[in-house]
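So you can see what is in the structure, the chains are spelled out below.
2 protein chains.
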Amino acid sequence: MKKFINNPELCEEQMVQGLVKAYPKYVKKLDCGNVIVRANKKENKVALISGGGSGHEPAHAGYVGCGMLDCAVAGAVFTSPTPDQIYEGIKAIATDKGVLMIIKNYSGDIMNFEMAQEMAEMEGIKVAKVVTNDDVAVQNSTWTIGRRGVAGTVFVHKITGAKAETGASLEEVQATAQKVIDNVRTMGVAIRPCTVPAAGVPGFTINEDEMEFGIGIHGEPGVETRKLAPVDEIVDGLLEKILADLDYSSSEVAVMLNSAGATPQMELLIAYNHVADVLAAKGIKVYKSFVGEYMTSLEMDGFSISLLKLDDELKALLDAPADTPAYKA
Amino acid sequence: MKKFINNPELCEEQMVQGLVKAYPKYVKKLDCGNVIVRANKKENKVALISGGGSGHEPAHAGYVGCGMLDCAVAGAVFTSPTPDQIYEGIKAIATDKGVLMIIKNYSGDIMNFEMAQEMAEMEGIKVAKVVTNDDVAVQNSTWTIGRRGVAGTVFVHKITGAKAETGASLEEVQATAQKVIDNVRTMGVAIRPCTVPAAGVPGFTINEDEMEFGIGIHGEPGVETRKLAPVDEIVDGLLEKILADLDYSSSEVAVMLNSAGATPQMELLIAYNHVADVLAAKGIKVYKSFVGEYMTSLEMDGFSISLLKLDDELKALLDAPADTPAYKA
Chain Z
1 MKKFINNPEL
11 CEEQMVQGLV
21 KAYPKYVKKL
31 DCGNVIVRAN
41 KKENKVALIS
51 GGGSGHEPAH
61 AGYVGCGMLD
71 CAVAGAVFTS
81 PTPDQIYEGI
91 KAIATDKGVL
101 MIIKNYSGDI
111 MNFEMAQEMA
121 EMEGIKVAKV
131 VTNDDVAVQN
141 STWTIGRRGV
151 AGTVFVHKIT
161 GAKAETGASL
171 EEVQATAQKV
181 IDNVRTMGVA
191 IRPCTVPAAG
201 VPGFTINEDE
211 MEFGIGIHGE
221 PGVETRKLAP
231 VDEIVDGLLE
241 KILADLDYSS
251 SEVAVMLNSA
261 GATPQMELLI
271 AYNHVADVLA
281 AKGIKVYKSF
291 VGEYMTSLEM
301 DGFSISLLKL
311 DDELKALLDA
321 PADTPAYKA
Chain L
1 MKKFINNPEL
11 CEEQMVQGLV
21 KAYPKYVKKL
31 DCGNVIVRAN
41 KKENKVALIS
51 GGGSGHEPAH
61 AGYVGCGMLD
71 CAVAGAVFTS
81 PTPDQIYEGI
91 KAIATDKGVL
101 MIIKNYSGDI
111 MNFEMAQEMA
121 EMEGIKVAKV
131 VTNDDVAVQN
141 STWTIGRRGV
151 AGTVFVHKIT
161 GAKAETGASL
171 EEVQATAQKV
181 IDNVRTMGVA
191 IRPCTVPAAG
201 VPGFTINEDE
211 MEFGIGIHGE
221 PGVETRKLAP
231 VDEIVDGLLE
241 KILADLDYSS
251 SEVAVMLNSA
261 GATPQMELLI
271 AYNHVADVLA
281 AKGIKVYKSF
291 VGEYMTSLEM
301 DGFSISLLKL
311 DDELKALLDA
321 PADTPAYKA
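Read top to bottom, the protein sequences are chains Z and L.
Under the working numbering, the very last position in the first sequence is 329; numbers go up by exactly one each time.
Under the working numbering, the very last position in the second sequence is 329; numbers go up by exactly one each time.
Be careful, since some hints might not be right.
The list treats identical chains as interchangeable, and a pair is accepted whether it falls inside one copy or across any two copies.
Keeping only pairs whose Cα atoms sit at most 30 Å apart, straight-line, the calculated DSBU-like set for lysine-lysine is [unchecked claim]: (1) Lys227 to Lys91; (2) Lys328 to Lys179; (3) Lys285 to Lys29; (4) Lys227 to Lys315; (5) Lys285 to Lys126; (6) Lys328 to Lys285; (7) Lys328 to Lys45; (8) Lys282 to Lys29; (9) Lys29 to Lys309; (10) Lys309 to Lys2; (11) Lys126 to Lys241; (12) Lys241 to Lys45; (13) Lys2 to Lys97; (14) Lys29 to Lys288; (15) Lys227 to Lys25; (16) Lys328 to Lys28; (17) Lys126 to Lys45; (18) Lys315 to Lys2; (19) Lys28 to Lys42; (20) Lys126 to Lys282.
Keep in mind the hints are simulated off the structure, nothing from the lab.
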């Protein structure tokens, strides 16, 4: 295993320490583990908490800050954080308006966030949740009942974060989050696997002329191994699945072309070039685009496309200010 | 060669098309090749042009926009743009206040930018230049007389861009750019090479237990092949060279921990964690940090550390607003 690390067992902790030292204006770490909160607690708003396994950086701790999250809880790589960690995070950020948990749909995450919710509610903290499930590649998977929550979750962070900053109620903030979830779809592809530090070997093997189509974000292979093709064809295949799943006709959309981690920006932009052409040909208007690393899988070489169908409320919230280590608007 | 592309010969063009389609609010392309300018020309300021070979994305076209560059010229991967391209860029952005060229120190770039300067000056356009040379790994190299210009160039873009927005004269803007150059040093390392699409094979081979120490940004091996070590030791080695080269004692600095392209953010943050500790132990105060992809080498797996020594002017300009596809402040 060839990586820039010190010790596989210390990766998560040293990563979080690095984040907090790099961005002290934005974030601090609680003493109870890898729980990252805003440097300055914001009152009089619904507090947002998200998280999951590490290895998706900048998700989720990179999105803690004004206009996005109040807390991110980082488990071990690709492993749910513990209920205790999540509970400490909820306690640290709770306001009178309540706490919304934004959970990616993975069985372990759901279970642990719900346990933390129960613990917090016993202390009188008002907690609600939403579950993101934007991945159209699978209906169920090894780790989920229903679809997986993947890169589209970042749109939920951004837009729900902006809604919370308006001082809206917990029910209103939850409704906006659910509207984003209902209107975002994602699908991804990879040509090289990643290696979880604690495992020491790649998550799958793949031939030089093949790609994994329909990947998740935990280093797993896709739903199908296909022959490698020109990227325009790959984009066609991804968009076909996405557009078949939700009616985007005559819509305005936000597009996220998300790197799985190792893919050079040149290749992301080449892929985006065809995404733009296909959407234009179908009469789908792009309102705003995001090309880069938003929800990664360590050094996996691949990308996903997310399409979020917008209305006026979502457009305004997407455009609202945000100031976090990894996302500024 | 396993990449998300359509045709090695079309990579640069399709990449630039993708950028312009993704960020039409910020940038447009001239008809004369891969020359990217602001979507809306800004008058009454010194206009800044930079560029070089492609493959360094988001450098340089990702930095075209308010508070940074007015034009970026993109050559073929790791190859200088032509004098004609640069000349068209200069003509498109020229204002009465003149044009400053920010050139990374590579012999081909210098020659072609200077030829473009002569062509523009014959038309009465006032042009000045600065040459960045922040890489402490080499004194001379295959491609340069003197040091190479690498990731520290992004600090020159940011700070000089902010200075230009104040309406300062060409001489003043050039002096600020030179001050950044005089106060920034960089050194990098890699554990995996990249493959130039038109070449089809990696730029070097390297054993599983080795790293290239003192890399440039054109896919070349480092000045020395060393045994792979824990990242804290690697950081120690890089900082030792940087700190020996310029007196940073009791200074405030900006730190850039720049990915060579494929390195996961988790590993960058683990490296940053030790950078912060070493600087703190030496009494060097970190004013602001940047961890991510700023000046890449396609999918090379590596990183560089840049330290910029700050004074009050540079701090204010570093903090000034910027709004570009790849850099927002």
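Do the hints match the structure? See the list:
{"no.": "1", "hint": "Lys227 to Lys91", "verdict": "neither (49 Å within a copy, 46 Å between copies)"}
{"no.": "2", "hint": "Lys328 to Lys179", "verdict": "both (22 Å within a copy, 28 Å between copies)"}
{"no.": "3", "hint": "Lys285 to Lys29", "verdict": "between (41 Å within a copy, 21 Å between copies)"}
{"no.": "4", "hint": "Lys227 to Lys315", "verdict": "neither (38 Å within a copy, 51 Å between copies)"}
{"no.": "5", "hint": "Lys285 to Lys126", "verdict": "neither (39 Å within a copy, 41 Å between copies)"}
{"no.": "6", "hint": "Lys328 to Lys285", "verdict": "both (23 Å within a copy, 24 Å between copies)"}
{"no.": "7", "hint": "Lys328 to Lys45", "verdict": "both (20 Å within a copy, 26 Å between copies)"}
{"no.": "8", "hint": "Lys282 to Lys29", "verdict": "between (46 Å within a copy, 24 Å between copies)"}
{"no.": "9", "hint": "Lys29 to Lys309", "verdict": "between (35 Å within a copy, 28 Å between copies)"}
{"no.": "10", "hint": "Lys309 to Lys2", "verdict": "neither (40 Å within a copy, 33 Å between copies)"}
{"no.": "11", "hint": "Lys126 to Lys241", "verdict": "neither (38 Å within a copy, 54 Å between copies)"}
{"no.": "12", "hint": "Lys241 to Lys45", "verdict": "neither (37 Å within a copy, 48 Å between copies)"}
{"no.": "13", "hint": "Lys2 to Lys97", "verdict": "neither (47 Å within a copy, 51 Å between copies)"}
{"no.": "14", "hint": "Lys29 to Lys288", "verdict": "between (33 Å within a copy, 18 Å between copies)"}
{"no.": "15", "hint": "Lys227 to Lys25", "verdict": "neither (47 Å within a copy, 37 Å between copies)"}
{"no.": "16", "hint": "Lys328 to Lys28", "verdict": "both (18 Å within a copy, 22 Å between copies)"}
{"no.": "17", "hint": "Lys126 to Lys45", "verdict": "within (12 Å within a copy, 53 Å between copies)"}
{"no.": "18", "hint": "Lys315 to Lys2", "verdict": "neither (43 Å within a copy, 37 Å between copies)"}
{"no.": "19", "hint": "Lys28 to Lys42", "verdict": "within (14 Å within a copy, 39 Å between copies)"}
{"no.": "20", "hint": "Lys126 to Lys282", "verdict": "neither (44 Å within a copy, 47 Å between copies)"}
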